[in-house]
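S.K.: Using the sequences plus the hints, can you model the full thing?
Protein chains in written order, with our numbering: chain X, 12 to 242; chain D, 12 to 242; chain U, 12 to 242; chain Z, 12 to 242.
These are calculated hints, taken from the structure and not from any lab test. Watch out, some of these pointers could steer you wrong.
Treat identical chains as interchangeable: a pair holds within one or across any two.
Computed list of lysine to aspartate or glutamate pairs in EDC-like fashion (alpha-carbon distance at most 20 Å, straight line) [unchecked claim]:
(1) LYS194 to ASP223
(2) LYS24 to ASP44
(3) LYS168 to ASP143
(4) LYS167 to ASP143
(5) LYS230 to ASP183
(6) LYS158 to GLU193
(7) LYS48 to GLU125
(8) LYS236 to GLU125
(9) LYS71 to ASP44
(10) LYS113 to GLU125
(11) LYS236 to ASP220
(12) LYS198 to GLU115
(13) LYS71 to GLU61
(14) LYS92 to GLU61
(15) LYS230 to GLU125
Protein chains: 4
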Amino acid sequence: MCWAYTSRIIRHKLAREGKQLDSPEMALAKMMDVGFKSVAVQSLHTIPGEEYHDLYRNAKRFARMAGGLYRVRIGDPLLAKNEDLIRVTEAIIRHLPKQRKKNEAVVLMGHGTEHAANAFYPAMAYYLQRRDPNIFVGTVEGAPTIKDIKAALLAKKIKKVYLMPFMSVAGDHARNDMAGDEKDSWKSILTLAGITCVPILKGMASYDDIADIWVDHLKTIYTQKYHKDKR
Amino acid sequence: MCWAYTSRIIRHKLAREGKQLDSPEMALAKMMDVGFKSVAVQSLHTIPGEEYHDLYRNAKRFARMAGGLYRVRIGDPLLAKNEDLIRVTEAIIRHLPKQRKKNEAVVLMGHGTEHAANAFYPAMAYYLQRRDPNIFVGTVEGAPTIKDIKAALLAKKIKKVYLMPFMSVAGDHARNDMAGDEKDSWKSILTLAGITCVPILKGMASYDDIADIWVDHLKTIYTQKYHKDKR
Amino acid sequence: MCWAYTSRIIRHKLAREGKQLDSPEMALAKMMDVGFKSVAVQSLHTIPGEEYHDLYRNAKRFARMAGGLYRVRIGDPLLAKNEDLIRVTEAIIRHLPKQRKKNEAVVLMGHGTEHAANAFYPAMAYYLQRRDPNIFVGTVEGAPTIKDIKAALLAKKIKKVYLMPFMSVAGDHARNDMAGDEKDSWKSILTLAGITCVPILKGMASYDDIADIWVDHLKTIYTQKYHKDKR
Amino acid sequence: MCWAYTSRIIRHKLAREGKQLDSPEMALAKMMDVGFKSVAVQSLHTIPGEEYHDLYRNAKRFARMAGGLYRVRIGDPLLAKNEDLIRVTEAIIRHLPKQRKKNEAVVLMGHGTEHAANAFYPAMAYYLQRRDPNIFVGTVEGAPTIKDIKAALLAKKIKKVYLMPFMSVAGDHARNDMAGDEKDSWKSILTLAGITCVPILKGMASYDDIADIWVDHLKTIYTQKYHKDKR
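M.R.: Below, the structure is given as structure tokens:
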């Protein structure tokens, strides 16, 4: 079992703090050297976007190397199959702030991307709103945007929102872009529009029933029978 | 300029009628023989699902062949970027049946898939319902299912629906699974639930402003500057 | 069973004469369309040089295509394993011109290449000279050159040589570069050096025991058990 | 600049002695992490056999990874182009034992392989014998074999031979298979046949003019202009 970090920025930042972390490629090259033949790589991404595909592509390169890994499987990110959307929807419904009243909204902040996988954010919104029409999903770098969300909140005359990061951890984006005091943070934008904001700084991976989905994706590839065509 | 059919079933069926059609691989091998160096392949798929990825994967194989095509680009299917979802939403809104009243629903039938790209159907539903809450998107083989749609229609006490195929052409699925008289067709299921059905047998590619999206995707790859990393 | 021509020049020349020939890629794409899953491709090259590797590389691309060939094996050219060098040596010894006297030389003309596989020509020369020191191997585009051969013949005071193409067919190179009347043909060069030349216009594939080697290479891949790593 | 060892056996042996050495894959993964974009990998193999091709294949995998090395070139082994055969021939001629008399033989021991690249040994023999008919090239695991060499030495009534490793270093094969006292070593086999043996335990990389060839192969790829097709 071994942890690797896909983000070079994070790796080099932690290296300066004395923590040496492997990139996925370094981890795979080491496993190959040790003599492993079959490796299961679990992505901790939220959607199958560019970063997930980069990990997939690079890890798969190792499955074709001479004298090396014979089988490299990559687990789905949090959201891939339709059942993942359903499971995440149900988990989020369970973790809505206890104190929230029905006419108060919940706004989830996803990362967003120009990649086609951005479709998972409106898809997520669709399933959440089927359960509760006052739950919204916006993104920092994709769509829907905070502008879209603000317009929808105002149209529904929402007075108070709970802001939750729809990311594995409550990191930089959650603390600054979502809950920061800068004037372009979501909190600032909505506050300025007359909406009271309550940020909740807890990442998706902190909820056991959501973390379970990633773990189940690992179990799926780990127990998968070998099929010549899908190694 | 050359047409190729990805579906072996369709190719062999048309061959029996005397029409010889190339598979994408045959078309690409011929172009390679003729001496083409750069080829733009436009997918006519609706979503970037398994079939799109198969086409992508196979076509890309030709970009690495000796003495052959140097550059093979594959255009996005109808839905990929977020702006595609928006454009298709606006086009569908424009093409809603004239005679439809506000309290009557429109149900779009997509193909659906177990592939992650199924997320485009709920994403599409999200954008359409932002414009008109009585528009629904269901799928034959993925989610949402007709069962989901029926429940939603009944919950909203809808009495009449217009059924539209959300596929490039109004083929087998539209005529049979959507509008057929078999008891498991969508028309039969909804009629049995007391909802009047009006099927519209017109595929998405028949609407000029939707066909334009595919054409624009071709233009995008066709005019793309060569970039060493993205050939 | 299907024939394909790797050379675009030959294909297009024959096309002008009304004979439509497939490139290997077209043949493979058609086999894929028909529904073949496993294909054995037999190279008719003499050495594993650039052309052989191009064929290998392109044919292998088809083994990874979606919905296509599952297994594509490519047979060795005439010369690959050491036993091929031995078999060809013995066959050539059997086919030396009957009328040739011991102090007359035999000069084989190979194609030659800048590719590393040019080593097969001096290797061939080594094995032939172990059997008969008056057999020489030269090449048109690689090494040894006709200049090398001429020097060796003069050093050994050879008065007469039999020129034989060391190519599958006695085509352009044999008729012109070897046996032509142009002043830079091998015949002209050696004649000018006072050596009588007797060209034999018969390609290697015309000798049954040499053709058998290619056929055996096809048998080898055809009967090979499937091994997950070597498809 | 970084050294990597292709042999897992050697790496793990040295690891037990406290020397941590990288495999080529680990070295490349690290370079990718550091941010290198273009890497030149120089093989120290003697022939382009299976090990060279494994290195080539694995290193090339890194040239297609996301966010990684953009260009990975692999230098030729000692022998590839015909000019390499010529240069090595001339260098060996220069380094023949000073004390050797004309009627004494020199036997070079190559590794040998079942790979097609074994042809480089008879090719090497061809070029050496053109310069000096009493130089022989045999191999441990390929052809020509020591049995072939012994027969040739006896046929020429050679009484004394100098044994030289035709490998980059005088390692296990040179000390044991060539010069060892075991009854199946080359020294024992030839001694038993009445031939006096003088082993010279010096690898090819110890001769400056031979080491220069590897260095020149590195220079070639290092100074190569970028060509889109040959990265």
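S.K.: Are the hints correct? Go through all of them and say.
M.R.: Quick rundown of the hints versus the structure:
1. For the identical chains of this complex, LYS194 and ASP223 are neighbours neither inside a copy (36 Å) nor across copies (40 Å), given an alpha-carbon limit of 20 Å.
2. Only between protomers do LYS24 and ASP44 lie at most 20 Å apart by alpha-carbon distance; the minimum there is 13 Å, versus 27 Å within a single protomer.
3. In the homo-oligomer, the alpha carbons of LYS168 and ASP143 lie at most 20 Å apart both inside one protomer (16 Å) and across protomers (19 Å), since each shortest distance falls under that limit.
4. Taking the shortest alpha-carbon separations for LYS167 and ASP143, both the intra-copy value of 13 Å and the inter-copy value of 15 Å come in at or below 20 Å.
5. Taking the shortest Cα distances, LYS230 and ASP183 never come within 20 Å of each other, neither inside one copy (30 Å) nor across copies (38 Å).
6. Within a single copy, LYS158 and GLU193 get their C-alpha atoms as close as 16 Å, which meets the 20 Å cut-off; across copies the closest is 46 Å, which misses it.
7. For a Cα distance limit of 20 Å, the shortest separation of LYS48 from GLU125 qualifies neither inside one copy, at 36 Å, nor across copies, at 25 Å.
8. Proximity of LYS236 to GLU125 under the C-alpha cut-off of 20 Å is restricted to the inter-copy arrangement: shortest distance 19 Å between copies versus 35 Å within a copy.
9. With identical chains, the CA atoms of LYS71 and ASP44 are at most 20 Å apart both within one copy (16 Å) and between copies (18 Å).
10. With identical chains, the CA atoms of LYS113 and GLU125 are never at most 20 Å apart, being 33 Å at best within one copy and 34 Å at best between copies.
11. Taking the shortest alpha-carbon separations for LYS236 and ASP220, neither the intra-copy value of 26 Å nor the inter-copy value of 46 Å comes in at or below 20 Å.
12. Only within a single protomer do LYS198 and GLU115 lie at most 20 Å apart by alpha-carbon distance; the minimum there is 15 Å, versus 39 Å between protomers.
13. In this assembly of identical chains, LYS71 and GLU61 lie within 20 Å of each other by CA distance both inside one copy and across copies; the values are 15 Å within and 18 Å between.
14. In this homomeric assembly, LYS92 and GLU61 come within 20 Å of each other (Cα to Cα) both inside a single copy, at 17 Å, and across copies, at 13 Å.
15. When the C-alpha separation of LYS230 and GLU125 is checked against a cutoff of 20 Å, the pair qualifies only between copies, where the shortest distance is 19 Å, while the shortest distance within a copy is 30 Å.
The structure is inconsistent with the numbered hints 1, 5, 7, 10 and 11, although it conforms to all the rest.
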